[in-house]
Amino acid sequence: MKRFLTVLAGAALCAAAAMLAHAATVAIASGPGRLILQVGSGTTTINQVNISVPGANVGDGTAVASTSVTPADPTCPANSILIDAQARSQTNQPRTATLTADSSTPLNSGTATIPFTEISWASSTPGGGPNGCLAAPVTIPSGTFSGASGQSLVSFGTSQRACVCAQFSYRNTGIVSAGTYTGRVTYTLTMP
Amino acid sequence: MRRTVLLAAGLFACALAQAGVRLDDSLSPRQRVEATTRFLYEGVGNWNADQVSALVAQVRGMEFRLRTAPYVGKNAEIYLTVADHVSGLKSPTAMRLEWTTRGRFAPGSLVPGTRALVYRGKITDAVMSDFFDFTIYLDARDWERGLEFDPVFEIDVVP
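Line by line, the protein sequences give chains A and B.
Here the first sequence is numbered in our numbering, starting from 9 and rising by one per residue.
Here the second sequence is numbered in our numbering, starting from 1088 and rising by one per residue.
A few of these clues could be false.
Computed Cβ-Cβ distance ranges for the label pairs, DEER-style [claimed, not checked]: (1) B:Pro1116 to A:Ile44: 56 to 64 Å; (2) B:Gly1233 to A:Ser150: 36 to 44 Å; (3) B:Asn1135 to A:Thr190: 36 to 44 Å; (4) B:Asn1135 to A:Gln56: 43 to 51 Å; (5) B:Arg1183 to A:Ala86: 57 to 65 Å; (6) B:Glu1235 to A:Thr75: 54 to 62 Å; (7) A:Thr52 to B:Arg1191: 49 to 57 Å.
Partial pick of chain A residues on the chain B-facing surface, computed with a CB cut under 10 Å [as the list claims (entries may be wrong)]: (8) Arg42; (9) Thr99; (10) Thr166; (11) Gly182; (12) Val184; (13) Ala186.
Don't read these hints as lab results, they were simulated from the structure.
Remember, predicted model here, so these are calculated numbers, not experimental data.
Ideal Cβ placement from N, Cα and C applies to all residues, glycine included.
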């Protein structure tokens, strides 16, 4: 019994030594996540995609691809623009980001309009260079604007990156009045 | 006599288990500090998966006062260590601690489960103190929630 008590006392001393002077604690909290979205060349200028339809071909159903982008996007092939979306989280808890487009306001030339459902895009992977999305694992699929707000283009998890070069084209399915039609599509990246 | 031997054996085993005597730092003015992480690589860039998940947090001017009175006059090595299990972290390799000091102790770095030498020489003061600026690097992929760790100082008496 005495031996048991002695061993117990030794164990207690050992535990006390281990607990000696509780150390200072550093507590670290995670900061907020981060969404990064770049559409176009990355300057403050909004890129303009230009499509020119020959008069003889108006409404014949033959799609017409963009003939220029101003200012030109150095990351992407000619006549296309970069769409680069990144979602980052500071923990390993999964979150999902969604890229949407608002094309609800049609192109117009005076009172004449063309719905954005006439505009499609073809996606390709950027070829490298600065911000070339070399590590991008997610593709934004090719498609056609819905002419509505909140059109979902792609969803992807945190710590992923969705990145493409998009070349736009006019589907050319209807007869429209002659003129220069302009419009704007707004891209939004969200992560609940 | 037998009791003394048993007690001595127990304490010897205890010392072996701890591999370095933990120094009392209860004189330190702050016993808990808090920090928040930020991304190490910010903004648009062609980051790889490691860079996208790289976080950093900083703790400035954390003062430690170590009770070294029992060792005055002895040659010793003092180490900084962090336990290999860090609450909130899936893997100890997902964290690296770096620090600079005001000069009393040496700067260095470590990962949890290891220790780094911060002082070697004769102990001349009953209390040794210094300010530490910590930079904590983390991998978000192995971080489950807010984490906590205890920087601990150990002393080894050397010949």
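Range agreement (Cβ of threonine 190 of chain A with Cβ of asparagine 1135 of chain B, hint 36 to 44 Å)
Holds: the Cβ-Cβ distance is about 39 Å, inside 36 to 44 Å.
Would the stated hint for valine 184 of chain A survive a check requiring a Cβ distance to chain B of less than 10 Å?
Valine 184 of chain A check fails; min Cβ-Cβ to chain B is 37 Å, beyond 10 Å.
Proline 1116 of chain B and isoleucine 44 of chain A, beta-carbon distance inside 56 to 64 Å?
Check failed, 40 Å falls outside 56 to 64 Å.
Classify the hint on arginine 42 of chain A as holds or violated, based on whether any CB of chain B lies nearer than 10 Å to its CB.
6 Å, holds
Can you let me know if the beta-carbon spacing of threonine 52 of chain A and arginine 1191 of chain B is within 49 to 57 Å?
At roughly 50 Å between Cβ atoms, arginine 1191 of chain B and threonine 52 of chain A fall inside 49 to 57 Å, so the hint holds.
When you take the CB atoms of asparagine 1135 of chain B and glutamine 56 of chain A, is the distance between them in 43 to 51 Å?
The hinted range 43 to 51 Å is violated for asparagine 1135 of chain B and glutamine 56 of chain A, with Cβ atoms some 33 Å apart.
Given a hinted range of 36 to 44 Å, is it respected by the beta-carbon distance of glycine 1233 of chain B and serine 150 of chain A?
Because 42 Å falls inside the window, the suggested range holds.
At a threshold of 10 Å, is the proposed contact between alanine 186 of chain A and chain B supported by beta-carbon distances?
Violated, because the Cβ-Cβ distance from alanine 186 of chain A to chain B comes to roughly 40 Å (cut-off 10 Å).
Supplied contact hint for threonine 166 of chain A, tested at 10 Å Cβ to chain B
OK, holds: threonine 166 of chain A within 10 Å of chain B, min 9 Å.
Double-check threonine 99 of chain A for me: the hint is only fine if its C-beta lies closer than 10 Å to a C-beta in chain B.
5 Å, holds
Hint says 54 to 62 Å; check whether the CB-CB distance for glutamate 1235 of chain B and threonine 75 of chain A agrees.
Since glutamate 1235 of chain B and threonine 75 of chain A have Cβ atoms about 60 Å apart, the given range 54 to 62 Å holds.
So, glycine 182 of chain A near chain B? Judge it on the closest CB pair being under 10 Å.
Status violated, d = 38 Å.
Checked against the numbered hints above, the structure violates hints 1, 4, 5, 11, 12 and 13; every other hint is satisfied.
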